[in-house]
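Visitor: One-letter residues, chain by chain:
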Amino acid sequence: MTEQKIQLGEQSILCKPDESLLNALLREQVDISHSCHQGACQSCLLRSLDGAPPIEAQHGLKEGLKKQNYFLACLCYPQQAMRIAHRHHTDFMTHGTVSAKQALNAETLLLTLDLDEPMDYYAGQFVNLQRDDGLSRSYSIANNRIHSKQLSFHIRRLAGGRFSSWTHEDLNLGDRIAVSEPQGLCYYLPDKPDSPLLLIGTGSGLAPLAGIISEALHQGHKGDIYLYHGSRDLNGLYWVEEMQALAEAHANFHYHPCISSGEPPDHVFAGRANDIAFSQLPDLKGWRIYLCGHPDMVSNTRRQAFLKGASLSDIYADAFHVASGSLD
Amino acid sequence: MSESSDKTLFEQLGGEAAVDAAVDIFYRRVLSDYRINRFFDNTDMDQQAAKQKAFLTMAFGGPANYSGTDMRTAHAKFVKMGLDDSHFDAVVEHLAGTLQELNVPDALIEQVAAIAETTRNDVLGR
Numbered sequence: 001m002t003e004q005k006i007q008l009g010e011q012s013i014l015c016k017p018d019e020s021l022l023n024a025l026l027r028e029q030v031d032i033s034h035s036c037h038q039g040a041c042q043s044c045l046l047r048s049l050d051g052a053p054p055i056e057a058q059h060g061l062k063e064g065l066k067k068q069n070y071f072l073a074c075l076c077y078p079q080q081a082m083r084i085a086h087r088h089h090t091d092f093m094t095h096g097t098v099s100a101k102q103a104l105n106a107e108t109l110l111l112t113l114d115l116d117e118p119m120d121y122y123a124g125q126f127v128n129l130q131r132d133d134g135l136s137r138s139y140s141i142a143n144n145r146i147h148s149k150q151l152s153f154h155i156r157r158l159a160g161g162r163f164s165s166w167t168h169e170d171l172n173l174g175d176r177i178a179v180s181e182p183q184g185l186c187y188y189l190p191d192k193p194d195s196p197l198l199l200i201g202t203g204s205g206l207a208p209l210a211g212i213i214s215e216a217l218h219q220g221h222k223g224d225i226y227l228y229h230g231s232r233d234l235n236g237l238y239w240v241e242e243m244q245a246l247a248e249a250h251a252n253f254h255y256h257p258c259i260s261s262g263e264p265p266d267h268v269f270a271g272r273a274n275d276i277a278f279s280q281l282p283d284l285k286g287w288r289i290y291l292c293g294h295p296d297m298v299s300n301t302r303r304q305a306f307l308k309g310a311s312l313s314d315i316y317a318d319a320f321h322v323a324s325g326s327l328d
Numbered sequence: 329m330s331e332s333s334d335k336t337l338f339e340q341l342g343g344e345a346a347v348d349a350a351v352d353i354f355y356r357r358v359l360s361d362y363r364i365n366r367f368f369d370n371t372d373m374d375q376q377a378a379k380q381k382a383f384l385t386m387a388f389g390g391p392a393n394y395s396g397t398d399m400r401t402a403h404a405k406f407v408k409m410g411l412d413d414s415h416f417d418a419v420v421e422h423l424a425g426t427l428q429e430l431n432v433p434d435a436l437i438e439q440v441a442a443i444a445e446t447t448r449n450d451v452l453g454r
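Those protein sequences? They're chains C and L, same order as listed.
Using the numbering used here, you'd call the opening residue of the first sequence number 1 and step up by one each time.
Using the numbering used here, you'd call the opening residue of the second sequence number 329 and step up by one each time.
Incorrect hints may have been included.
Claimed, not checked - Cβ-to-Cβ under 10 Å is the rule here; a few derived chain L residues that face chain C: (1) V351; (2) Y355; (3) R363; (4) K379; (5) A382; (6) D417; (7) A418; (8) E421; (9) G425; (10) D434; (11) L436; (12) E438; (13) Q439.
Because the hints were derived from the structure by calculation, they are not lab data.
We treat Cβ as the ideally placed atom computed from N, Cα and C, and that holds for glycine.
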């Protein structure tokens, strides 16, 4: 075995034979989070940019991370030169042109971008969108993988939200916007086509979930798929007819719109989406769970789903942290 | 000499695969226990589960990469919150219960409990 060259951004270091990549990085004073040195804490998560890393360096990682060539530096003994990146690699990689703007409800905009080049993403991932002056926000991709050059987003106008106000009011058809590489681990995986799926989202948390559902149905997912979309009132719900039509077309897809205040019409449930889901689905052993929306909802629901039998490794969550005001 | 006595405790329990099988069950048990779940109320459940995994690996006689001082530092804030012997006993109870659920023989469960017991004074900051 010989020394292997490791490229991390601008910096290049040599990893000695029988030296873990983590130790090599620490020896070179690279700033990298780490703790247990034995693959348990997963703090030293990195990503390989030249394809699959050594398989033993992915031990214990979630499938989604493995597929994106993430690995643990402490378990990695490089067998060849590697180009690596920190876990959040946020270089802007492409641009898109606004090709459609459509109101989904009073506060949510469906924004469609045509990308300059195809993007390899998974339904449910998010990208950072960046305005010319550098103002940047994360938005979930709301479509499935069929459209590699087109991305759509549900942009909810937030009180005091600079980026959301700008997209609602000032962004025009034909305008250009920078788009980062896709990120996030809350996405559809086709490895368990028979397992039931539970998706719970609040507000524009529907966006990634709709992408995941569309992708699952497109890939012929056989297990039951339950969607609970929650909002405070009817004005906050959207895509109700589209989701109902999807449920009519696919016997294994079950749609439950929920409102937490006010008197619901016939097809809508009264209560919080997570409470209604758990009252209807008592045992989640073997289920795969997707949660998107308000951070408190995601955190509580994750815990409830785990206590109801879902394995932690089968719970995928995307909490929408916002830069301004409050989100409900 | 019997075959089992040639193997370490960690190997007899099934090594890392056994830890993986135990961690969800163990974590679900402590989170469901009103006596102790306030100490486990971390919103980052993946991080919490990784810590539990490191603890189980150690208790199963596997490779442990943390010292008594690490245990003290990590639990100091819980001692301030009132962590005492009764809580430690409850965790050991769930450790044994987890292994019973996985049909581990009693003799091995006793050995695991004995290893966990060696951390008591560090965890409780004594």
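Visitor: Each of the hints needs a verdict: does it hold here or not?
Guide: For each hint, the structure was consulted:
For V351 (chain L), the shortest C-beta to C-beta distance to chain C is roughly 8 Å, which falls under 10 Å, so the interface hint holds. The interface hint given for Y355 (chain L) is met, as the beta carbon of that residue sits about 7 Å from the closest beta carbon of chain C, less than 10 Å. The interface hint given for R363 (chain L) is broken, as the beta carbon of that residue sits about 16 Å from the closest beta carbon of chain C, more than 10 Å. Restraint check, K379 (chain L) versus chain C: the minimum CB separation of about 7 Å is within 10 Å; hint holds.
Hint status for A382 (chain L): holds, given a least beta-carbon distance of 4 Å to chain C, under 10 Å. At a threshold of 10 Å, the smallest CB-CB gap from D417 (chain L) to chain C is about 22 Å, leaving the interface hint violated. Contact between A418 (chain L) and chain C, as hinted, is not supported at the beta carbon level, the nearest pair being about 17 Å apart and thus beyond 10 Å. A least Cβ separation of about 18 Å between E421 (chain L) and chain C goes past the 10 Å threshold, and the interface hint is therefore violated.
With a least beta-carbon distance of about 16 Å to chain C, the hint placing G425 (chain L) at the interface is violated under the 10 Å criterion. Hint status for D434 (chain L) relative to chain C: violated, with the closest Cβ pair at about 26 Å, above 10 Å. Nearest Cβ of chain C to the Cβ of L436 (chain L): about 21 Å, over the 10 Å cut. The hint is violated. Interface hint at E438 (chain L): violated, since its Cβ lies 25 Å from the closest Cβ of chain C, which is beyond the 10 Å cut-off.
The interface hint given for Q439 (chain L) is violated, since its Cβ lies 21 Å from the closest Cβ of chain C, which is over the 10 Å cut-off.
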